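Asker: Per the working numbering, the very first residue in the sequence shown carries number 1; after that it's consecutive.
Bear in mind the hints are in silico, worked out from the structure with no lab data behind them. Note that the structure is predicted; figures quoted are calculated from it, not measured. We put the CB at the ideal spot given by N, CA and C, even for glycine. Wrong hints could be hidden among the right ones.
[To be verified] Computed beta-carbon distance windows for the label pairs:
#1 P656 - V476: 45 to 53 Å
#2 R535 - D408: 15 to 23 Å
#3 A612 - V30: 33 to 41 Å
#4 Y231 - V476: 37 to 45 Å
#5 D408 - Y231: 19 to 27 Å
#6 D276 - N654: 47 to 55 Å
#7 T266 - W662: 35 to 43 Å
#8 N652 - Y741: 22 to 30 Å
#9 Y302 - E410: 48 to 56 Å
#10 W662 - L715: 52 to 60 Å
#11 Y302 - W237: 31 to 39 Å
#12 V347 - N652: 56 to 64 Å
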Amino acid sequence: MKAIKTFLFTSLLVFLPVILSAQTVSGKLVDEKNQPLSYANVVLLSLPDSAFVSGTISGEDGSFTLEATSENQIVKISSIGYKTVCKPVSPANIGIVQLVSDAQMLGEVVVKGDLPKTRVKGDAMVTEVKNSKLSYAGTANDVLRKLPGVADVGNGLQVLGRGTPEYYINGRKVRDLSELDQLSSTSIRNVEVVMNPGARYDASVKAVIRINTQKPAGEGFGFDNRLMGDYNKKAGWLDQFNFNYRKNNFDLFGLLFYSDSYYWKTHQAVQDTYLDKHWKQESLTDVESRSRTFTGRLGMNYVFNNNHSLGAYYRISRQPYYKNYMDVYTDVFSNGTDYESSDNSSVGSNDYTKHTLDLYYNGNAGNWQIDVDGNAIWQTTDADNLANEQINAMDGTNSVRNVTTYSDTEYEFYAAKVVLSRPLWGGNFSVGAEYGYMNRNMDYRNPEGIISDSKDEINENNASAYAEYSKAFGKVNAQLGIRYEYDDFDYYVNDEHQKDQSKVYHNVFPSASLFFPLGKTQVMLQYRSEIQRPRYSQLSSQVVYINRYTYEGGNPLLRPVMTNSLNLGVSYRWLSGRAGYQHVKDDIFNTSYPYSSEDPTIALISQNNSPAYDMLFVAITAATTIGKWSPSWTASLNKQWLEVESPEGNINLNKPLFMLNWDNSLELPMGFLLNMGVRWMSTGDMQNTRLDEQSWSVNGSLHKSIMNGRMSFLLQANDIFNTQKQYGTLYSGEVRTIKMYNDPNARSVSLTVRYKFNTTKSKYKGTGAGESQKNRM
Numbered sequence: 001m002k003a004i005k006t007f008l009f010t011s012l013l014v015f016l017p018v019i020l021s022a023q024t025v026s027g028k029l030v031d032e033k034n035q036p037l038s039y040a041n042v043v044l045l046s047l048p049d050s051a052f053v054s055g056t057i058s059g060e061d062g063s064f065t066l067e068a069t070s071e072n073q074i075v076k077i078s079s080i081g082y083k084t085v086c087k088p089v090s091p092a093n094i095g096i097v098q099l100v101s102d103a104q105m106l107g108e109v110v111v112k113g114d115l116p117k118t119r120v121k122g123d124a125m126v127t128e129v130k131n132s133k134l135s136y137a138g139t140a141n142d143v144l145r146k147l148p149g150v151a152d153v154g155n156g157l158q159v160l161g162r163g164t165p166e167y168y169i170n171g172r173k174v175r176d177l178s179e180l181d182q183l184s185s186t187s188i189r190n191v192e193v194v195m196n197p198g199a200r201y202d203a204s205v206k207a208v209i210r211i212n213t214q215k216p217a218g219e220g221f222g223f224d225n226r227l228m229g230d231y232n233k234k235a236g237w238l239d240q241f242n243f244n245y246r247k248n249n250f251d252l253f254g255l256l257f258y259s260d261s262y263y264w265k266t267h268q269a270v271q272d273t274y275l276d277k278h279w280k281q282e283s284l285t286d287v288e289s290r291s292r293t294f295t296g297r298l299g300m301n302y303v304f305n306n307n308h309s310l311g312a313y314y315r316i317s318r319q320p321y322y323k324n325y326m327d328v329y330t331d332v333f334s335n336g337t338d339y340e341s342s343d344n345s346s347v348g349s350n351d352y353t354k355h356t357l358d359l360y361y362n363g364n365a366g367n368w369q370i371d372v373d374g375n376a377i378w379q380t381t382d383a384d385n386l387a388n389e390q391i392n393a394m395d396g397t398n399s400v401r402n403v404t405t406y407s408d409t410e411y412e413f414y415a416a417k418v419v420l421s422r423p424l425w426g427g428n429f430s431v432g433a434e435y436g437y438m439n440r441n442m443d444y445r446n447p448e449g450i451i452s453d454s455k456d457e458i459n460e461n462n463a464s465a466y467a468e469y470s471k472a473f474g475k476v477n478a479q480l481g482i483r484y485e486y487d488d489f490d491y492y493v494n495d496e497h498q499k500d501q502s503k504v505y506h507n508v509f510p511s512a513s514l515f516f517p518l519g520k521t522q523v524m525l526q527y528r529s530e531i532q533r534p535r536y537s538q539l540s541s542q543v544v545y546i547n548r549y550t551y552e553g554g555n556p557l558l559r560p561v562m563t564n565s566l567n568l569g570v571s572y573r574w575l576s577g578r579a580g581y582q583h584v585k586d587d588i589f590n591t592s593y594p595y596s597s598e599d600p601t602i603a604l605i606s607q608n609n610s611p612a613y614d615m616l617f618v619a620i621t622a623a624t625t626i627g628k629w630s631p632s633w634t635a636s637l638n639k640q641w642l643e644v645e646s647p648e649g650n651i652n653l654n655k656p657l658f659m660l661n662w663d664n665s666l667e668l669p670m671g672f673l674l675n676m677g678v679r680w681m682s683t684g685d686m687q688n689t690r691l692d693e694q695s696w697s698v699n700g701s702l703h704k705s706i707m708n709g710r711m712s713f714l715l716q717a718n719d720i721f722n723t724q725k726q727y728g729t730l731y732s733g734e735v736r737t738i739k740m741y742n743d744p745n746a747r748s749v750s751l752t753v754r755y756k757f758n759t760t761k762s763k764y765k766g767t768g769a770g771e772s773q774k775n776r777m
């Protein structure tokens, strides 16, 4: 640990004193209403040949900085819809520059429709939401499902070819995914999908989705209330109240959220286990649950001046009620002969309380921009489960038993992050350091003694440092980065330190990106080395009782997943595409194997590291507008080269997986907007699972606004034809395979009513710290 502290301290000492003799030119852009003009192009040109020297874009507040290397240069400022302005580099502080509308240019944009809906910009594929039909989608979740390269895979959203993304809203890390459901689509300006996150992001981050909201206007008090009711066999509802008060440089914001939700699913499985006998288990599982959740948030921001601002918020999430009812019916066969059957009925409860505190400071000192974030999380979870099992053996003997389990879990987490950035040598340079500490305690008890009681504890210290530099060489933009991560993991069982399971890791992760045009085509080429550390629950040695035939446990010997990825993205008018190639080492697969040789009918569900394998991903999206109809199509291919063990010997899981998405928006009379979407997935292989049957679904929505947009109604229907089923085979080593069928309760209907009064969006600028550890929690 001393060596790590020395490394971080030395890194900061090396990078902080960088002083340039060049002159820094700064200014602020506003429109004709004196509102800040963000994302305008600001370019430094040499005289007299007007050769390109360097360039940047204006920030959210309209400000910009450039490094002038000579007085014989000019600053050229341009933005679509505005007349171009040129300014001399002297004086260095240009001051406020007002851009005026160019009526002819605005007319051309509207008539020609030259601006693509999705384009390459920097490290991201950017999709505009403001003033598009996407703004009526409903929530941020509804918008993301319609983005090119983003898909709902049943258990959450994924960036195709990369995996589960990390989310940011206005630069602030989203720690609770319910925030995506709490953000209205009408508040979103654009969404950036980053397939190859740079060195400033944790090396475990596979992809990043950055959501940028619209610039708020006005002061005073405003609120936004959303009431939604849904039906999926049973009814559920939620209510969300956002409020904001802004006066001069002070901003107070908050949220109250309550939901009463219902969930169900059906799962069928056939497990074949080959030991001294062939054991077959056929099971049918029905699950129903009801939960009630409350969330409250209160925060503030204060802007001292253009150079300094700070803010904080406190968030509490509480689940006071959760009941889970599960019935499992199982038939067991031995060498094709009836062995026994069972009926397991259980009732589980789970309540948790989570406190989150977030602090940030943004400032400028000379040419340096300073961003500081601090986070703290405290969470407690109490769960219990009572199961009644009736076992009927084929020899006529029957038995009944009750199984009770209790689980208490506590988390404690603290993190801090510092990022420094400035113009350097005609480009942009940033350096940062981050530290996080996590403590997790879990106590598991089974009074009947069927599974041994256990108590485990995890302590983890994580430190990292990075440096990143980007520069434009004519029309080519390059970015290089390097990140160092230190992870000290200590594991305890029943208060005894486990030396073999405790580990220390030192890792270095390089990254590189190129962005350039080829004619009218925008291209980005990226490389990144990354890591995926096991979740804390996956590292636990505790064995949890599920039912008579199924136990579940972690694996403290799991190694982190190491990946090297190369990605390509292109954009041309209404077409965009992306491709990626990955080499994956020590991937974590779900596995199932006999809990003991004495009773091979009991399956232990756990995880293991896989052999190294390669993956290929390709996707293409076309989006256009024909009158009042706006269709978009996305086709994607995933292919892996993986060999796994099976009872029949080693087999290759190399079958490609295809996906097709077809989204449609249609403007109807009286201001109604109809959206319809079709999703299709082929058979194919994904990790150690083979999808045996195709799956498809149709979703739709109808939107209507009244009262000048202050009130809106959104009717949504998901999986209209109830076809989103999942069939697959899990290959779990040389002794077991599992055939699975899932009905994931996708078909539902909902109605959302939203009312807005003098709404303003929070100015909160925190970006979060210790995100990798928080995600693993």
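Asker: Lying within 22 to 30 Å: is that true of the beta-carbon distance N652 to Y741?
Answerer: Holds, at about 24 Å.
Asker: Range hint 15 to 23 Å: satisfied by the CB atoms of R535 and D408?
Answerer: 19 Å Cβ-Cβ, so the 15 to 23 Å window holds.
Asker: Does the Cβ distance between D276 and N654 fall inside 47 to 55 Å?
Answerer: The hint (47 to 55 Å, Cβ to Cβ) is violated, given that D276 and N654 are roughly 32 Å apart.
Asker: Okay, W662 versus L715 on CB: inside 52 to 60 Å?
Answerer: violated (20 Å)
Asker: Honestly, do Y302 and E410 meet the 48 to 56 Å range at C-beta?
Answerer: For E410 against Y302, whose Cβ atoms are near 34 Å apart, the range 48 to 56 Å is violated.
Asker: Do the Cβ positions of D408 and Y231 conform to the proposed distance bound of 19 to 27 Å?
Answerer: violated (35 Å)
Asker: Take the C-beta atom of A612 and the C-beta atom of V30, compute their distance, and say whether it sits inside 33 to 41 Å.
Answerer: violated (55 Å)
Asker: Just to be sure I understand the hint, the distance between the Cβ atoms of P656 and V476 should be within 45 to 53 Å; is that true here?
Answerer: For P656 and V476 the Cβ distance comes to about 34 Å; the hint is violated.
Asker: Is the gap between the beta carbons of T266 and W662 within 35 to 43 Å?
Answerer: Violated - the Cβ-Cβ distance for T266 and W662, about 28 Å, lies outside 35 to 43 Å.
Asker: Range first: 56 to 64 Å. Now tell me if the beta carbons of V347 and N652 are that far apart.
Answerer: violated (44 Å)
Asker: Determine whether the Cβ-Cβ distance between Y231 and V476 falls within the hinted range of 37 to 45 Å.
Answerer: violated (54 Å)
Asker: Does 31 to 39 Å hold as the CB distance between Y302 and W237, or does it fail?
Answerer: Between Y302 and W237, where Cβ atoms are some 36 Å apart, the hint holds.
When held up to the earlier numbered hints, the structure conflicts with 1, 3, 4, 5, 6, 7, 9, 10, 12 and fits the remainder.
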